[in-house]
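**Q** Sequence:
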Amino acid sequence: MSWLQAIVLGLVQGLTEFLPISSSGHIRIVSTLFFGNDAGASFTAVIQLGTEVAVLIYFAKDIGNFIGAWFKGLFSKAARASENYRMAWYVIIGSIPISVLGYLFKDEIRSSLRNLWITATMLIVFGLLLGLADQFASHVRDKLQLKDAVGMGLAQAMALIPGVSRSGGTLTAGLFLGLDRAAAARYSFLLALPAVFGAGIFSIPDVLERAEPNAASVPQMIVATIISFAVGYATIAWLLRYVSKHSYSAFVWYRLLLGIVLMGLLSMGLINPT
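Going by the working numbering, the letters in the sequence shown line up with residues -5 to 268, in that order.
Rather than coming from a laboratory, the hints here were simulated on the basis of the structure. Please note that a few of the clues may not be correct.
[To be verified] Subject to a maximum C-alpha distance of 27 Å in a straight line, what follows is the list of computed DSSO-like cross-link-like pairs (lysine-lysine):
#, residue 1, residue 2
1, LYS66, LYS141
2, LYS239, LYS141
3, LYS100, LYS239
4, LYS55, LYS66
5, LYS55, LYS71
6, LYS239, LYS71
7, LYS141, LYS55
8, LYS66, LYS137
9, LYS55, LYS137
10, LYS55, LYS100
11, LYS71, LYS141
[Said to hold, decoys possible] Across the chosen pairs, the derived CB separations fall in these ranges:
#, residue 1, residue 2, range
12, VAL212, PHE69, 22 to 32 Å
13, ALA54, MET262, 22 to 32 Å
14, ILE216, TRP247, 32 to 42 Å
15, ALA176, TRP83, 18 to 28 Å
16, LEU(-2), MET262, 21 to 31 Å
17, LEU140, LEU264, 43 to 53 Å
Heads up, the beta-carbon is just placed ideally off N, CA and C, and yes, glycines get one too.
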């Protein structure tokens, strides 16, 4: 991997991780379209650590409250009635599907599911689903319930397929379940922490061994991760302000256009799907 590719993909990761447009899909597309190769699932998983550190810092106070309430709730019945205690459990419960499925299908995630035909299809299908949820769901609740944690957790697991979008899947499920845009986005950010950190840490040995073709060097990986952190932090702040006043329609149209263009390029043989 060249230094230019590492820097560009760090920027792409930071810009797209929290937007409902699929960061892994964009890394896959940009790698192939502009650099002629696939950066690999391990590279993608590790540089996502940068964006999740951004979440940790941005929501540090909330996360500290959740962790404190969870430990207090282990020993105090009164503490279990708090909203922070329930949120901590919702994050844990919502993280189970992607953790289990990510482990069971890790080989497919690193190989066959990275086919660009699949990426293009998922961009379109889940873009349409996001559009339906955004336009027709009720968006009336700002408090999470257990059903939201389960539903959004299952949706997050779908993002193991590039093109689905972890944030897009969870936001779509949250909106269909009746959450307002801001509440769904906030939980989506928090829900990513266990799964993405786990996947990133799990993939570090592969990166160090340079087990994948076109593997990045350790310095390249560090720089790409730092860039994804800085850009990702700014993206969180922007998206939370944006969704409080706007719909997701711009992202829906972007996904549809990108998916159609990608299918056109694949059909004409201009890029290799694998």
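**Q** Taking the hints in turn, state whether each one holds.
**A** Structure-based check of each hint:
Pair hint LYS66 plus LYS141 holds up; C-alpha atoms about 24 Å apart against a cutoff of 27 Å. Distance restraint check for LYS239 and LYS141: the Cα-Cα separation of roughly 26 Å lies within the 27 Å cut-off, and the hinted pair is therefore satisfied. Distance check on the hinted pair: LYS100 and LYS239 sit about 38 Å apart at the alpha-carbon level, beyond 27 Å; violated. Between LYS55 and LYS66 the CA atoms are separated by roughly 16 Å; this keeps the pair inside 27 Å, and the hint holds.
For the suggested pair LYS55 and LYS71, the alpha carbons sit about 23 Å apart, so the restraint of at most 27 Å is met. For the given pair, LYS239 sits about 39 Å from LYS71 by alpha-carbon distance, which is inconsistent with the 27 Å threshold. Taken as a hint, the LYS141 and LYS55 pair is honoured in the structure, with Cα atoms around 25 Å apart against an allowance of 27 Å. Restraint check for LYS66 and LYS137: satisfied, since their Cα atoms lie roughly 21 Å apart, inside the 27 Å limit.
Restraint check: the Cα-Cα separation between LYS55 and LYS137 comes to about 18 Å, which is no more than 27 Å; the hinted pair holds. Among the hinted pairs, LYS55 with LYS100 is inconsistent with the structure: their alpha-carbon atoms are about 33 Å apart, more than 27 Å. Our distance criterion of 27 Å between C-alpha atoms is met by LYS71 and LYS141, whose separation comes to about 22 Å. As the Cβ distance of VAL212 to PHE69 is approximately 43 Å, the hint placing it in 22 to 32 Å is violated.
Taking the beta carbon of each, ALA54 and MET262 are about 48 Å apart, not inside 22 to 32 Å as hinted. Between ILE216 and TRP247 the beta carbon distance is about 36 Å. The supplied range of 32 to 42 Å therefore holds. Take ALA176 and TRP83: their Cβ atoms lie about 21 Å apart, and the range 18 to 28 Å holds. Between LEU(-2) and MET262 the beta carbons are some 26 Å apart, a value that agrees with the proposed interval 21 to 31 Å.
Restraint check, LEU140 to LEU264: a C-beta distance of roughly 47 Å satisfies the suggested window 43 to 53 Å.
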